[in-house]
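Dock the two chains into a complex; use the hints.
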Amino acid sequence: MKDSKSILLLVVSVLLILVSFALLWTWGYQFNDLTKAKSGTVYVIKDSTAAANATRDSLKRVYTATINSVGTLDSTWLTADSLKGNLDIRLSEFYKLRNEIAILLKNPGSKADIDNAKTKIGELQKKVEQLRDRNVEVERENARLKSVLEQLSAGNTKDAVQNLRTAVFDNKNSPEKNTPVAVFAASELKLSAMMVEDEKEQETYQAIQTDKMIGTFTVRNNNAAFNNAEIVIVVLQPNGRVLQNSGWDSGSFETREGKKIYSCKIRFEYSKGEAKHLSFSLSTNNFEKGNYSMQIYQNGVMIGKMSKTLI
Amino acid sequence: MYSVHSRLKWGVTVFFSFFLLTASAQNSVKQNFQNAAVYAGIEVGSKGVKMSLLEVGKSSKKNSSFTILKDTSVNTDFISFTQPTFQATLNGLHGLFTVALKNYEIPSDRIFTVFSSGVKIQAEKDDKNSWILSMADSFKKRINEPLRQVNVIDVTEEARLSHLGIVPATRRYNTFLIDIGSGNTKGGYFPGGNTKDFKLFQLTWGTKSVANAVDKRTQEDKTLPNFNKQLYRVLAGEANTEVIYAVNLSGAYNMSDNIAFSGGIAWSVATLMLPELVENPVVPVTYDEVLKFSEKLYTNHASFSDSAIKKNLTDVTLDKNLIGTEVKRVNKVFDQRSLMAGTGLLLKIMRQFEGIYDKKQFFLVKNGAVGWISAYVDQSISGTK
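Chains as they are written, first to last, in the numbering used here: chain A, 218 to 528; chain B, 43 to 427.
What the hints contain is simulated information worked out from the structure, not anything from laboratory work. Hints are supplied without guarantee of correctness; some may be wrong.
[Stated by the list, open to error] Below, in silico cross-link-like pairs of lysine to any residue (SDA-like), each with a Cα-Cα straight-line distance of 25 Å or less:
1) 362(B) to 474(A)
2) 352(B) to 473(A)
3) 167(B) to 288(B)
4) 506(A) to 361(B)
[Unchecked claim] Only part of the chain A face toward chain B is listed, based on derived beta-carbon distances under 10 Å:
5) 453
6) 456
7) 459
8) 461
9) 467
10) 469
C-beta: ideal position from N, C-alpha, C; glycine also.
Isolated chain B, as found in the complex (with noise of 0.2 Å):
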């Protein structure tokens, strides 16, 4: 069904990206197990498997009432549905879950398996419902332990469980969430004061969809300036509509003090434009600073190489090699016209919340990833579920 070559391949990422982790991670966490519950979550998403280990209890003294301590992730691409991407994500699922269990010593009725909203909406709608099912059974055969239980989480569930995990307990009730991701856009707030009630806000359009639009858009002229040009009219066409309705259905505009983006392009937008934060989970911006540098990522994108901008950090206490590093792994993700067509997703957005009198507060979430799955492990400790 699938050569040799490929299992291989699968094999040797999947081997590698477990040695990594495992010394990356090993002398930051294990120091911290003596006073403290960890738990490990474990997500099968659309891309890969991710894991979050966090710690539950007293010594986690900031906003909520837990820390993550490290999230890790392997990319296996479930949602290709092939064997090949099965059995990667299996091996995938399985060595975290031992890294968990041997490396971290965490128990197993510590350690949580769940599968992403993502998952669930693609096998359904290429009526591939029984390979997620066939995960969870081969995963339960693997590590022997046939009662465990692998949920699979809906959107909605989803983003309330996100906002649980991002947004701390003070800014809970005023915060509007939003994921852009690359493929749509999702998030909410809670309207009712409640964790229970949640509003749910969705778009179509995410970070590489509005960059295919602009692909499609360009033709045979590929240049930057008509990509721009492009990108402006993809921005003022049918996304600006869809955007426009889906802010104003939400009503959050009334009920939110913050707005808060979490996913890929909020994660390099804040380590680009606010390099000396690099060790700030989340950044506060302002529409005009983001818009500035919109601007400058089409007329001077060399700015932001890593040596440009390690060149204009001030401040000595700074750890200028760590900013190096992360700018470095931006670079390589997004180039610079993902950068721009997720940029101008974004600023669509802050737009509709900029407002002449009523300010909102515009937050950049780093580490949005993590967030569901750790309130999920939250949550089901707490016995809310």
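Chain A with its partners taken away, still in its complex shape (with noise of 0.2 Å):
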């Protein structure tokens, strides 16, 4: 009987060395494995920080390399007088953006603020790529100018003129060889219906009060060296058929669409690059309701249209 008490009681502690042993096994497993784990963050930490200096300095590189690549632009903003006004706007648009960027790359706050300086980098770098343009577009006009003033100045007058036909006529991008084109840009169109009462003018938009219809545009060459021109002028009424005072205004002209009958037509003079102010008037018995079309040509080509409205 004391036997078997003994051995239970031996059974019994080995055990209780065992879960001890277990036990211990266990902690020491925890313990290892919780002192790795932290070596570990402190090491991520270390390599995060270098990464976004690394961007930084990269984007700083991208950065400086755009802004001094800005330095040719000087004769652009210097000389361009015609286009400065739109210089000023894209310029200004440039150095502002410039700036928010250095203060990005200086202190960068997050992540965040970096991604934005990139994103910041990428816009300027298209900004200055427009502005070069815009300098090459500028450079290419300034000597083309240069040369028609030089022509002038010597008193090339003949030559010039010449010159100026062939521009006109030998179109090298028309499909049509000597096929003519218009040196003339129309602007500021407006038909009117008049209404005539005790011989004073008064604007109105109804037919049956409509005496007479009044157009005026203005047109502008900056071109030829012409002192005189002419431009034809279609009002279609809203049947269709051409508006006309008579016989003695109206006649027939030719356009690459074939012949086409105008209402009437201007000749003028005026000087290089002047904004001609040109005005006509039509009357006819009946002024039908419906869409009156305005068509401005020269030299066969349509340089303006437009419409009016009469109910």
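This is the structure in structure tokens:
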């Protein structure tokens, strides 16, 4: 009986020892694991800071290169007279963006700031490209104007006129050789229906009240050196027919689409670059309701179009 | 004195003309009578009797103070001064007067009757002035108006009235009007800025006289190339000398911005060259355009047939039937050679005004025939005559 009790006590003791070992191993494992985890976080934090610094340095290099490339645009800024207003806006946008990026790169608060700086540098690069293109365009125009000025100042007007004629009629971009092109641009087109009462004219929108139609527009020619020109006006009535004063004022003319009837023709003298304000008046016994279309032609090419509705 | 057959022939012609006139004109004119004063002018001319109906007053919104509503004519050949043509002319005159009076309800005091300068010139030349008086008396007797005036117009007055009737007031004092007839050319302008002083321009050449002179030169070779060659010689020879002299004498080059041509050849060239402007009584042209047209008349006359012209029209708003009818009418009146002769004379006169620096604007007037009688009526009713 004594032997069986001793064996039981021995077994229990062994079990307790085993449990104790198991517990000790578990604690040791957990401690070891905790130590490993702590040392890993430290390592990650150290690597991330280095990457951020590397990105910022790279952005700074791109930024500096971009800023340096803008130096060549100074001549554009100083010499472009007519384009100055436009350039002024573009350059102020450019400088604003540049300052924003500089602030972001100096003290990057977070990753978002760096991303923002990256986007803004992309924008900055685009703006520099645009300014560079504009610069080339301005320089080309300056060279062309300079050569025209030289020709004119040399008193070689005949040659200049000849060259311009060639430019007008020998359109290289056109598929048809010798196709005439317009050398005028039309703007500020207006067609008004007028009623006349007691010798006073008043604008109206009603067909039944209309006594005449008055058209006004502005033409400008910056290229040619002629001093007189001819503009042909076609006013189409709602029924598609051409509105005419009388046979003495109207006629027909050639266009790319074939012969057309015109309402009236205006001959005028002008100086190069001058904005010429022109007007005409057309009357008929009966103005119909509907849409009236005014078309302005020069050299057989339509340079302006607008319409007016009478109710 | 004259056969029953010829009398019958003239009678049928006049009757048929009246029938056509009545049928075609009624619709177009009657509706205009309501708010306007309508007058009639009947002219006894060299070739026939013409009547113009015109509206005078507030509703004539165009450039002149009157609007021509309708014109018509009957061919009677009065200047042959034979009994049949006399009778035909009398019938024509009476017939048109009756149409104006009864069909259009125009009172007698609004119907004006007059002899043209062509009749007067030919009558003086042939010593047939009594025929004019006889015609006037017979007409007055037939309409039972013994006090009616039937005036005879001289050439200067006719040219002056033509100018007043054709050229709008806005262009009156800077336009030189030239009427190219079949046997002669006449016209003129107002040099003093008033309608009383008129500078007359005259040539002994017309469309037919040029064609006749060319025909005479062609002798046995009647081919078209020879006609063309001889036409050049006629126009470069005596015709050229007279044209240059007359234009220089007129002093019109320095005084005019616009040179307007009327007469049959002007109507023909305008219709064939600018068919798209068929409804316009006046069309602007350039010397170069007429020159090209003239060359094409010789090299490709077929391109001016009604079918060829209609085929080339691209504008869908144009009335192709109207254009076709008018082109057919021109080709019926003028054959290829007459067109070449008339256009040649037209170009010869235009050339005198085609300066290098001072460019004149040329116009072709289609309804020139009604010009002077319309102005005569207008002037008579306004009391300035």
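Right, here's what the structure says about each hint:
1. 362(B) to 474(A): Measuring from Cα to Cα gives roughly 19 Å; hence the hint holds.
2. 352(B) to 473(A): The given pair, whose Cα atoms are some 20 Å apart, holds under the 25 Å limit.
3. 167(B) to 288(B): holds (23 Å)
4. 506(A) to 361(B): holds (22 Å)
5. 453: At 9 Å from the nearest chain B Cβ, residue 453(A) passes the 10 Å test, so the hint holds.
6. 456: holds (8 Å)
7. 459: holds (8 Å)
8. 461: At about 7 Å, which falls below the 10 Å cut-off, the nearest Cβ of chain B leaves the hint on residue 461(A) intact, so it holds.
9. 467: holds (7 Å)
10. 469: Residue 469(A) check passes; min Cβ-Cβ to chain B is 5 Å, inside 10 Å.
Hint compliance for this structure: no hint is broken.
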